[in-house]
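Quick note, the sequences are listed as chains F and D, same order.
Letter by letter, the first sequence follows residues 8 to 583 in the working numbering.
Letter by letter, the second sequence follows residues 8 to 583 in the working numbering.
One should not assume that every hint holds.
Any copy will do: because identical chains look the same in the list, a pair fits if it lies in one copy or spans two.
The calculated EDC-like cross-link candidates involving lysine to aspartate or glutamate, where the alpha carbons are at most 20 angstroms apart (straight line), are [what the hints assert, rightly or not]:
(1) LYS345 x ASP502
(2) LYS472 x GLU490
(3) LYS484 x GLU575
(4) LYS10 x GLU100
If you're looking for bench data, these hints aren't it; they were derived computationally from the structure.
Here is what each chain is made of, one letter per residue.
Protein chains: 2
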Amino acid sequence: MAKYKTDLRDVFFNLFENLKVQDHMVDYGENDLKDIISQFDKFAENEIYTCRVEGDEVGVKLTKDKGVVVPPSFQKAKEQYYQNGWFALGYPEDIGGMPAPHSINFACNSIYVGANVAFSMYSGLSQGAMNVIIQAGSQELKDKFVPSMMEGRWGGTMCLTEPGAGSDVGASKATATPNGDGTFNIKGVKIFISSGESDLYENNIHLVLARTPGSEEGTKGLSLFIVPRFEINDDLSNGAFNNVACTKIEEKMGIHGSATCELTFGGQGDCKGQLIGKEHEGIVNMFIMMNEARLLCGIQGESQANLAYQLTEQYAKERSQFGKEIVHLPDVKRMLLKMRAMSRGMRSLILYTSNLFDLEKKGDHLAEKELALLTPVCKAYCTDEGFQVCVDAIQVHGGYGYCSEYGIEQFARDTKIATIYEGTNGIQAMDFVMRKILKDGGETFKALGEKILASLGNSSAGQWKAESAMLAVSMQKAQSILENYGKKAGEKSYDAVLASSTDFLSYCGNLIVAWRLLDGAIMASESIGSASDEDKRYYESKIVDFKIFCQHYLSRNNGIAQSILNFEQDWTKVEV
Amino acid sequence: MAKYKTDLRDVFFNLFENLKVQDHMVDYGENDLKDIISQFDKFAENEIYTCRVEGDEVGVKLTKDKGVVVPPSFQKAKEQYYQNGWFALGYPEDIGGMPAPHSINFACNSIYVGANVAFSMYSGLSQGAMNVIIQAGSQELKDKFVPSMMEGRWGGTMCLTEPGAGSDVGASKATATPNGDGTFNIKGVKIFISSGESDLYENNIHLVLARTPGSEEGTKGLSLFIVPRFEINDDLSNGAFNNVACTKIEEKMGIHGSATCELTFGGQGDCKGQLIGKEHEGIVNMFIMMNEARLLCGIQGESQANLAYQLTEQYAKERSQFGKEIVHLPDVKRMLLKMRAMSRGMRSLILYTSNLFDLEKKGDHLAEKELALLTPVCKAYCTDEGFQVCVDAIQVHGGYGYCSEYGIEQFARDTKIATIYEGTNGIQAMDFVMRKILKDGGETFKALGEKILASLGNSSAGQWKAESAMLAVSMQKAQSILENYGKKAGEKSYDAVLASSTDFLSYCGNLIVAWRLLDGAIMASESIGSASDEDKRYYESKIVDFKIFCQHYLSRNNGIAQSILNFEQDWTKVEV
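Could you put together the complete structure from these sequences and hints?
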């Protein structure tokens, strides 16, 4: 059976050679940062990856006496994760954290999520909820909740979805009635709540969107509440049951180790919550969590693809058919090269985007806008394409890939959800085209385009004529599509724009990833002369990645552009 | 929850308006044939579809006392299936069959497989094995095996794969040693044997590839044996255990109701088999089964996609978000229109291909060659694209699609295996390019191309300028690709051809399905004038299908052609 492996050489290339993230740090040098990642990778291999398949087989259970019970092997992994301080990575020292550039944090997160996506959801949601408390909560709330969440005694969740309110969050019906003492009575049912309850934590801290009396309809009437499963005593021990009951757990295609709960708030008695942030600013505060959660979704796609690729490459080098290892069969070689180019390409996109956080913190205003632009691309593109790489992993493994024993088909099952939650990929495409491009008149998109043109203008890019020409044409056509969209938007034909926005996001994903790989290939070709044999092989593979990506993925943009520009009939008016 | 539905209008259009299969029949008229299909559809809805989700949840179990036990609900369904005579459909009357054109048989098979693919495997494999006995077996073997298999007392299997011999069948190690009395001692282990054992049948009749003493290596040394699980007494009752033991069943991504067995032949005592056909002609005789099994694989993709589409369309018309049914959201409309065009397109390809059997029987020599050409396209294209439609069904259903409760994610899990078994899709692409095109100098492919050009020359095709032009360009580029392949083959650079054969199969699938839909659209546009309101709506939808298919699928051929023709580097020589 293939062995866990992270392509650390490629992670380090992106971070330290291409993005030079070490320049953001004062306290740590490049080697310190590499050490952190390498250590975390070993930890993930030994403690997190090891309970990946078991978590899938055993799954979570809703029991009468203990509530939601996670796979037993998760308990030890969780203890180790917190005790070793990995949960604290990236947080400031004053709350017990270990500061690190956002990009280092994302690199570790990718390793973590890749090793066991279901397991990673518990602490991931906890960090998301804690981030909201840190950024939007009063000092009282911070003092009450953050220390125990940092310690891993309590876990966090985000509760948005209701049976009639999925993509349409504004249709939420849960209510919050003031008790007069600063607390609110919460009542309602939330569904599809990841990590909604579990015996991994003593207490579950829910961030709940609910409507105060007299609030207007839609998202603007929603406020955010912090609602613990058990009331909290002054000494931070658990008090009485707060009437947050897990009334169902979902059987799902994948992430069986992650508890997807229906939570009933105030079903059989009072359920108390406290307002976090201002009334009616619930959706804004929830988006503190959502934006990062969307990038984490992208990481799910990217990381599962990268690990699935590593296992598949090993399998193809070991499995023999027709008297040779199957890696030598042309069709298998094609699949592997495509999988690698896409997986590494997504990694380069994710790490580039994570670095924008660090640039933004340094006051780079464009970085902030670019981050907003790239967030839906990371989310939707990396989950769609990441899923596809996982499906290809099954294909290369043949019958063994379809069987559960090798843990390969689990990647596809675990990854598919990432195209749906945190806003479906259709919602991401809408956000990308309408809010991130058309709303600022295409300014941020244009600025990104100039970066791409600058890379194309690099003298090294000239050595890959066919690929560079393809990228240039793809840039031009993107412009034509945007002009077309602008015209339609001007006529208020928004539906006609939205009918192809998913295709356009995919188009831009191809374009941007090709650019990231071009940037990598340029750097590789410039470094190759003086490199060691091992590095030389790596740098050569980076050039291959770029070429393969252009041949197999960027080439798709031809057809997508044609489908958007050459078919003007408005299908949104046609009945199905 | 959405209700089972078959798009019978579209099935009938293909069979009776487009292909005019009723012309092959003497005994039945169009209405009789429609009756058969409608009755079978009701049967499938009430008896087969109803145990689809349960079959997935319960799965098969290997027990100590009863061997392999199928989901309990399968027992009744199986009794009904045989008792109602559906197993006998398409077989000659002298063996208790009910003759029907092959196309009618395929149409019913598509309904059957769509309703419950795991269940359909038991009788499907039985028919496959029986077909080999009928075509290659001696009268003695026919008399011994066929009646009980027709009655459903015994089931059949095909045993090719071994642990070290998957795609590479020729590496099989199982042995057959003559006993001197006409029987052979069979010894070996076969894996991934669908329906390998089950309590649905009193006896399991295995067709086993094995090597007689002194046989040469590779496929040419293989012979085919008929090996029952229990010896057969003269009165056709079960005799002693024949030492065919199911030693393991596989846990899989899907088709949980279908038993995928490891079978050990002669592990703890003699296991007797009889030669079927001539010695060393095992692979030829197995291909009697394989060719049809490959088409059945294609039907798995096509039919699962069509049913998944029907359920998804209903869901989208019922589920509200943002104050309207989600079918009205542009991105959902796009997904639905694409799913319908692809699902119906695959249906038109499958039914067109099934009709070639009937034309072949009438002595149409070209039909025979076209059938051979289209078999790998049906198998690989319909399973790859069918899987994708099933994935889209999850996407439209959102969180509900990912949860098991609605039975939607099951379609994707059940369908994925069809891209792997009966020869992986990579093997199909190799067969398509090397054996079905290059071997006859492209003659059959050219003849098919002329049919496509004839449709394009139809005056009605002129009304869809963009689409028809796209199809014509696609035809031309296919020619360029083939010239390129011919050149490479001439230089014996076969690996360079094989490196893009999967892409080229996909290219041709797009082309051929677009043509089938063009043919349908032409007929629809010619029939629309005098049609009833209901028919008018249907005919209009056929024109939409063709346009959508060109816009979203045929347009892909641009990029595929570019990737094959404009990148001449031979990646097969690059190390991964």
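Hints, one by one, checked against the model:
1. LYS345 x ASP502: between (34 angstroms within a copy, 17 angstroms between copies)
2. LYS472 x GLU490: This pair counts as neither: shortest intra-copy Cα distance 27 angstroms, inter-copy 24 angstroms.
3. LYS484 x GLU575: within (16 angstroms within a copy, 25 angstroms between copies)
4. LYS10 x GLU100: neither (36 angstroms within a copy, 57 angstroms between copies)
Checked against the numbered hints above, the structure violates hints 2 and 4; every other hint is satisfied.
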